[in-house]
Structure formats: C-alpha cells, structure tokens
Amino acid sequence: MREFRYERAADMAGALTLLAAEPGARPLGGGTNLVDLMKNGIERPALLVDLRDLPLGRIEPTADGGLRIGATVTNSDLAAHPDVRRRYPALAQAVLAGASGQLRNMATVGGNLLQRTRCGYFTDAAAPCNKRSPGSGCAALTGEHRNHAVLGASPHCVAVHPSDMAVALAAFDAVVVYETLDGPGELPLAEFYRPVDSNPQLETALPPGALITGVVLPPAPVAAASRYRKVRERASYAFAIGSLAAALDIRDGIVHDVRLAFGAVASRPWRARQAERALTGGPADAAAFAAAADAELAAARPLPHNGYKLPLMRNLAVSVLTELAEEAAR
Amino acid sequence: MTASTSSVITLHVNGEPRTLTVDHRTTLLDALREHLGLTGTKKGCDHGQCGACTVLLDGRRAVACLQLAVAAEGRAVTTIEGVAEDGRLHPVQEAFLELDGYQCGYCTPGQICSALAVLDEHAAGWPSAATADVRPEAGPPALTDDEIRERMSGNLCRCSAYPAIVRAVAQAAKAVSA
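As you go down the protein sequences, you meet chains A and B in turn.
Note that the first sequence covers residues 1 to 330 in full-length UniProt numbering.
Note that the second sequence covers residues 1 to 178 in full-length UniProt numbering.
Please keep in mind that the hints were generated in silico from the structure rather than gathered at the bench.
Mixed in with the good hints, there may be bad ones.
[Unchecked claim] Have a look at the derived ranges for each label pair, beta carbon to beta carbon: (1) Thr-10/B with Glu-60/A: 29 to 35 Å; (2) Arg-273/A with Thr-5/B: 46 to 52 Å; (3) Gly-125/B with Glu-326/A: 25 to 31 Å; (4) His-12/B with Pro-304/A: 41 to 47 Å; (5) Pro-221/A with Ala-138/B: 18 to 24 Å; (6) Leu-20/B with Pro-221/A: 18 to 24 Å.
C-beta: ideal position from N, C-alpha, C; glycine also.
Take these sequences, add in the hints, and give me the full structure.
Shown next, in the form of structure tokens:
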C-alpha cells in the first residue's frame, strides 16, 4: 500500500478545502471498499480525508414528506430506521441484502454510491482494464463475464455496479446532493452515474472536488408497497447476479403507478422505464408483467456467458410483481 | 514512515486507554495483533470477506482488517480478550464451549464477537434479510435458526461447524434474555 497522509476534517469547509488542494485525495467514510482497493494497489490516494466528524449522520423528514439521508449514515442505521422500513421497505430490504452485519455497520451511504465494480479484472492490477487503466482494453469481453452487463454496456467496459441500495434508490427517484467550494449541487440518481462510453473510468457526473452530503428521497406513496429481491450464487453475503426493486399501486384492477429497477445488469442501477410504461394503465397480471419485462430487455445485448440474466430478470419481475399484486388484493 | 504518514492515536481497548504510534497504512487488526500483542483477533482473508477479525467498535461489530487504526482514534474496541468479565465467561462463550461451536477454533473469536452483536441488534429490533416483513408495524422478528444463519453469514467457518454455531447462538440468546 502506498504511504498516505490522513486528515480528520473538522467541518464541511475544511473537508472541501482539503479535497480541492490535493488531486490525489479521497474522502473516507467506512472504508470498506476503499481500504480494500488500497491494499491491492488499485486505489493509491495521497491523502485520506476522514468525514466522521461532519454532521452528515442523520435521517430526517423533508418538508414535502420525503426523507433526507445523510452521506455518513451507515447501511445498518439506514436499514433499521422506522421511516425507511415503513415508507420505502424495498430500500431497507436492499441494504439488508448487501454485505454482512459487520460491513453494514461500517459502510456509509455516500461510500455505497461511490463503491467500485467487483469485476475481477478491475481488481487484478496485472489484467487489462479500461476502467482502471484507460486504453488498456477490456479483459472481460473475451474472458470471465458470467456476471457482467447485459444492458447499456459498451465495447470498452461490461462491468456491473455492485450496489443493492442504489437499485432501490433508482426506483424511488432519489436525488444525490453534494457540496463544492462554489456551493451546493444536486443530481437525480438517473443522471448521477454516467452512461458507459469510451471512458469507463469516469463513473459519475459529480464535479471534481465535490463531496456527497446525502440522498433525498421524494415522497412516493407507491413505495409503501415495495419489495427488493436479490438472486445470488449462495444464500447470503454475496453480490447479486440479478436483482429487482419493485413497487406497485393497483386501483380497480389497473396499474395506477409502478416502479421497477434492475440491479447487476448494467454499469449503473437500471431504472426499467420501458417496463413501467408498458404496465401503467393496463392489467396487473402475469402476462402483462412478463411482456413488460420483455419490453425492457429487448435492448439487452448479452455476452456468450451471461445470457441467463435475461430469463432470470424476466422471472424475477413476474414473481415479485405477482406477489405485490396478490398482497394488494388482500 | 514519516511524520506526515504516521500518527499518535489512543484506542480504548477492552476498557484500557492504549496510546500508540501508527503508520497510516496500519489496520486496526494489525494494531491489535502486532502493536498491542492482542492476538485473539485473527487474520483470515484480510479483505473483509471472512469475518475472522470481527471486533466490537463502539459496541458495534466491525471487521478490523478494513478499519484503519488511525481512523479508530478515540474509539472503544472490544476484542475476544475483553469479552469475559471478572474471570467469568460470557453466556455466548459458554454456549460455544458447551455445544462445540467450532472445530479448529481459528474463526471462533470472530464468531463470538459477531454473535454478541447479533444478540444486541436483535434486541434493538433490527430486521435482517431473512425477515419476511421489515415494516416496524410487523414487530421484531423472532430469532429463528434462519435469522441466526443470515445474521451470522459474515463469519465463515472452513471446518463448517455451522450447525453447532447456530445452536450455540440460539442457546446464548435464551440465556441472555432469561
């Protein structure tokens, strides 16, 4: 591991000044991904700016009936919060589906959004990887890509984003809020992660030196009937091979409002707007759910070893939406 | 190691303030084992994937291998050496002994520290991925074997003593709440 300086920021202005003065600086939340990547030389920061003293550890209601979640709220506190569990249950479920109890106690919301892909070639310093070493190529295209992207990928990178939390946030139209030395800013989650192009090393639309201060969830009555389901290769403590956040509001047998987001299929949480459009105003039955999933997956371009993700995501959508529809009918 | 890449820190380890100088690259795990001689906390994968290094940080379980020591400055650390009180084993330790919740024993300090936190988290009403209904109105989940398996899933045991570990955690939960 490269030697580095460490500063514990006393306040927001101090943190922003430290981050702006040193291009090789990284903010430190829980460190569960950053420290791991530093150990194998993938991340080589010159300075860590510890955010633990910043007042970003609260979950508060917003004036319009949503929630504001601070950037240093831990995954554990987010998943245990009564308002999150009551009003956005799929978000609590998504967070609980990720990592382990130990890691959830350490990991923070801001770090969760900024965590890096678990593509084995990204974390192998000896392998070509355009995300880690721009222009070096993508070893996954012709290598081990069983768990890589089927939607929105480019010939330059087929890695998937590993977050469960971000999938639920995408379904609920979350907005990422940040501070810079020039003032605050915000990015809807749908615009926070850049589409993959020829520069997969550029992952977010955050301006240089910006510090995420939190995530704002707008009020979403539909989210009260929501679910997150994760498919993985062992029963617990593993990354998804496919996941789904869904919320469904049925009135008089017709889909009044629906939210769908797919995880582990793209470089970012994949809001399934085609599927939502296909369902809204129509019947809430298995045939409609399957047709909606197919509409979303029509744009998929699977690689030789990950075509299984298409039927997996279709079955996941039908299964979760059918459960939500049956529960709504009770 | 230079002045700008090392720091003097104080950790409150098992109730005792311990002041030490650490290179910033030092993890809490290495600080405990190599600087303070507390070798009860084990190094397994050193990448946050096995749970062998689980300790309690300000009362909450954490993997010491991904926690930088410098960033733990001022915090309370409980290791396996601090779990027994006044020479009496904690009920979680008693249950692991009685029910053989191990074979080689290497993962056991982490399993026990994790189990202590599982009991606290469950008592606080935290749901888990095994909880059918996470809404607060559903009430706290019962600590079933499925709940224990899910909550302990961050602690691997390569001897695969899992069935006995689950029984030990269930027995300890009864003992603690009795």
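**Request:** Would you list, in rising numerical order, the hints stated earlier that this structure does not obey?
**Result:** 4 and 6
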